[in-house]
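Asks: Chain residues, written in single-letter form:
Number of protein chains: 2
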Amino acid sequence: MSAFDLEPWTAHHTDALEVALDAFLSPQALCAAGPVRPLHLVDAMRYAALDGGKRLRPLLVIAAFEAAVGRPLGSQDGAVVRAACAVELIHAYSLVHDDMPCMDDDVLRRGKPTVHVKFGQAGALLAGDALQTLAFELLTPEDGSVAPAVQGRLCGLLARASGCAGMAGGQAIDLDHVGKALSEDALRHMHRCKTGALLECSVRMGAVCGGADAHAQEQLAIFGRALGLAFQVVDDVLDVSADSATLGKTAGKDAQNDKPTFVSLMGLAQSRQYAQQLCEQAEQALAQTGLADTRALSALARRVVQRSH
Amino acid sequence: MSAFDLEPWTAHHTDALEVALDAFLSPQALCAAGPVRPLHLVDAMRYAALDGGKRLRPLLVIAAFEAAVGRPLGSQDGAVVRAACAVELIHAYSLVHDDMPCMDDDVLRRGKPTVHVKFGQAGALLAGDALQTLAFELLTPEDGSVAPAVQGRLCGLLARASGCAGMAGGQAIDLDHVGKALSEDALRHMHRCKTGALLECSVRMGAVCGGADAHAQEQLAIFGRALGLAFQVVDDVLDVSADSATLGKTAGKDAQNDKPTFVSLMGLAQSRQYAQQLCEQAEQALAQTGLADTRALSALARRVVQRSH
Numbered sequence: 000m001s002a003f004d005l006e007p008w009t010a011h012h013t014d015a016l017e018v019a020l021d022a023f024l025s026p027q028a029l030c031a032a033g034p035v036r037p038l039h040l041v042d043a044m045r046y047a048a049l050d051g052g053k054r055l056r057p058l059l060v061i062a063a064f065e066a067a068v069g070r071p072l073g074s075q076d077g078a079v080v081r082a083a084c085a086v087e088l089i090h091a092y093s094l095v096h097d098d099m100p101c102m103d104d105d106v107l108r109r110g111k112p113t114v115h116v117k118f119g120q121a122g123a124l125l126a127g128d129a130l131q132t133l134a135f136e137l138l139t140p141e142d143g144s145v146a147p148a149v150q151g152r153l154c155g156l157l158a159r160a161s162g163c164a165g166m167a168g169g170q171a172i173d174l175d176h177v178g179k180a181l182s183e184d185a186l187r188h189m190h191r192c193k194t195g196a197l198l199e200c201s202v203r204m205g206a207v208c209g210g211a212d213a214h215a216q217e218q219l220a221i222f223g224r225a226l227g228l229a230f231q232v233v234d235d236v237l238d239v240s241a242d243s244a245t246l247g248k249t250a251g252k253d254a255q256n257d258k259p260t261f262v263s264l265m266g267l268a269q270s271r272q273y274a275q276q277l278c279e280q281a282e283q284a285l286a287q288t289g290l291a292d293t294r295a296l297s298a299l300a301r302r303v304v305q306r307s308h
Numbered sequence: 000m001s002a003f004d005l006e007p008w009t010a011h012h013t014d015a016l017e018v019a020l021d022a023f024l025s026p027q028a029l030c031a032a033g034p035v036r037p038l039h040l041v042d043a044m045r046y047a048a049l050d051g052g053k054r055l056r057p058l059l060v061i062a063a064f065e066a067a068v069g070r071p072l073g074s075q076d077g078a079v080v081r082a083a084c085a086v087e088l089i090h091a092y093s094l095v096h097d098d099m100p101c102m103d104d105d106v107l108r109r110g111k112p113t114v115h116v117k118f119g120q121a122g123a124l125l126a127g128d129a130l131q132t133l134a135f136e137l138l139t140p141e142d143g144s145v146a147p148a149v150q151g152r153l154c155g156l157l158a159r160a161s162g163c164a165g166m167a168g169g170q171a172i173d174l175d176h177v178g179k180a181l182s183e184d185a186l187r188h189m190h191r192c193k194t195g196a197l198l199e200c201s202v203r204m205g206a207v208c209g210g211a212d213a214h215a216q217e218q219l220a221i222f223g224r225a226l227g228l229a230f231q232v233v234d235d236v237l238d239v240s241a242d243s244a245t246l247g248k249t250a251g252k253d254a255q256n257d258k259p260t261f262v263s264l265m266g267l268a269q270s271r272q273y274a275q276q277l278c279e280q281a282e283q284a285l286a287q288t289g290l291a292d293t294r295a296l297s298a299l300a301r302r303v304v305q306r307s308h
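Each protein sequence line maps, in turn, to chains L and U.
Last residue of the first sequence: 308 in numbering that gives the first Met the number 0, with the numbers rising by one and none dropped.
Last residue of the second sequence: 308 in numbering that gives the first Met the number 0, with the numbers rising by one and none dropped.
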């Protein structure tokens with residue numbers, strides 16, 4: 000199979016995602032008709048979700064869809080775009096709340112002041128809440144653009160990846176262990192929940208939208224799990240090896256907050272090697288899917304491991 | 000039609016809801032299998048959602064279901080119980096976040112310390128987040144107990160009632176107008192979003208679970224809207240006329256926070272009269288549904304207007 004150039008693929012879809020998110024986050028789309036509108040909330044939601052971020056999760060949704068369906072995303076694939084945006088909104092909400100003073104107390108995100116710095120804590124709290132809700136609104140349009148049974152399946156995948164058994168639970172385990180030891184097994188479990196679940200879910204949602212068979216869905220889930228863990232290992236590596244300007248967020252926070260990380264547990268060199276191993280596991284799962292063209296997924300996995308921020 | 004005794008009906012269903020919520024909020028049901036579990040988060044979620052509250056929203060779900068289907072709720076109606084619990088979890092999450100120091104800064108709720116007082120602000124933030132997510136998890140079980148298309152419909156109703164065009168938007172409008180004037184029209188709109196949307200949604204979700212026809216669904220929605228507004232008018236009345244011990248939360252907060260209310264706008268006597276009018280509107284809509292037995296809904300509406308806390 001010919002070489003795959005990720006850059007134009009990413010640029011094309013990132014632009015389209017930005018347009019779609021901008022429309023879903025317009026005051027017209029968001030607000031109830033009436034004599035007064037919560038425009039401060041809309042501004043905070045837009046600030047949190049637009050014009051920033053690598054869009055890794057929605058790109059995984061699209062790449063998994065394209066792999067499952069065996070053709071490029073087209074204008075008829077509104078459900079996939081909704082699924083992609085929904086996952087990104089869950090990610091955006093989690094960042095808004097994680098940055099708040101009572102959590103990580105971070106003032107810089109993607110090189111900009113965090114939402115609570117710009118809109119106040121109450122504004123950030125509400126914006127995060129409403130971004131989470133909006134994710135489920137996007138998956139359940141009343142215009143027939145997503146089949147009702149698919150709506151239910153996508154909502155279920157997204158909710159389970161985001162809640163107590165997924166992202167929120169992982170975040171809670173993280174908070175519970177600041178300054179405390181964690182075994183490598185427990186650390187891996189925490190990150191499977193905190194970061195991995197939503198990355199795996201992205202791949203699964205794309206596979207569902209693309210009608211992948213059960214075997215392909217299972218292999219894609221394995222791919223997503225390995226990718227998710229690799230992502231976090233690389234995050235831990237970058238936290239100690241990159242500077243804040245490159246990261247677009249405050250570097251060295253983990254050590255500062257006395258948080259157990261892969262680097263603190265297995266060292267820098269071995270963490271890098273572990274990320275590489277996980278990337279290879281992810282590639283192997285892709286090869287097992289039986290799908291004809293998984294080059295975008297493969298390229299995204301490599302980019303996760305090789306990224307500098 | 001014979002008189003309807005709301006008390007045993009409420010007691011029966013409230014007990015059953017408590018059992019169902021307790022099961023949905025068990026560590027076994029909530030947590031991913033693994034070497035470490037977020038038990039502090041589970042405790043905070045349970046504290047926020049169990050053993051308290053009037054359970055008005057889930058009771059409305061059940062009453063609307065029974066009216067639509069024309070028989071009492073039975074053990075085969077797992078979908079209805081899930082819908083009822085999901086609405087209550089959204090309500091519970093909103094209380095947890097509204098009570099936080101950056102919002103209403105309230106330390107007392109249902110006669111107990113609020114979640115952030117008991118579990119810290121980070122704990123309250125995460126518990127609220129995870130309770131919202133859990134609502135959508137409950138609506139999308141993988142065990143076949145809720146038909147996939149119904150899953151999508153219920154998630155859509157709940158998300159739209161909770162988000163920027165509903166509860167979160169209403170809360171944002173409220174925050175934007177502390178110490179500022181609001182027209183009666185704007186105040187009504189704010190409360191339609193903030194409180195009314197979720198109450199209306201409760202009735203609609205019950206109607207969907209019960210397979211009500213389009214006409215009955217529309218009249219039930221009108222009932223829910225009138226009831227929702229009546230609820231808020233009565234809330235404003237109680238805030239100035241009841242004491243904290245009776246309310247189970249701090250009384251007089253609205254005036255203290257310089258918030259526009261129906262009482263500040265139209266006075267106490269006229270607010271009481273307005274609540275009564277809304278209750279009559281709700282009754283009229285019920286009469287238009289064409290459903291045989293709407294006595295539980297009717298009794299719940301009367302209780303909303305006559306309640307002392």
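The hints are simulated quantities; they were obtained by calculation from the structure and are not laboratory data.
Wrong hints could be hidden among the right ones.
Heads up, simulated SDA-like pairs for lysine to any residue below, C-alpha to C-alpha not over 20 Å straight-line [what the hints assert, rightly or not]:
(1) U:LYS117 to L:LYS117
(2) L:LYS258 to U:LYS258
(3) L:LYS117 to U:PRO100
(4) L:LYS117 to U:HIS176
(5) U:LYS258 to L:VAL68
Residues from chain U that face chain L, not an exhaustive set, calculated with beta carbons under 7 Å [stated by the list, open to error]:
(6) ALA31
(7) LEU55
(8) CYS192
Glycine residues also receive a C-beta, built at the ideal position from the N, C-alpha and C atoms.
Asks: Are any of the numbered hints broken by this structure? If so, which, sorted upward?
Replies: The structure conflicts with hints 1, 2, 5, 7, although it agrees with all the remaining ones.
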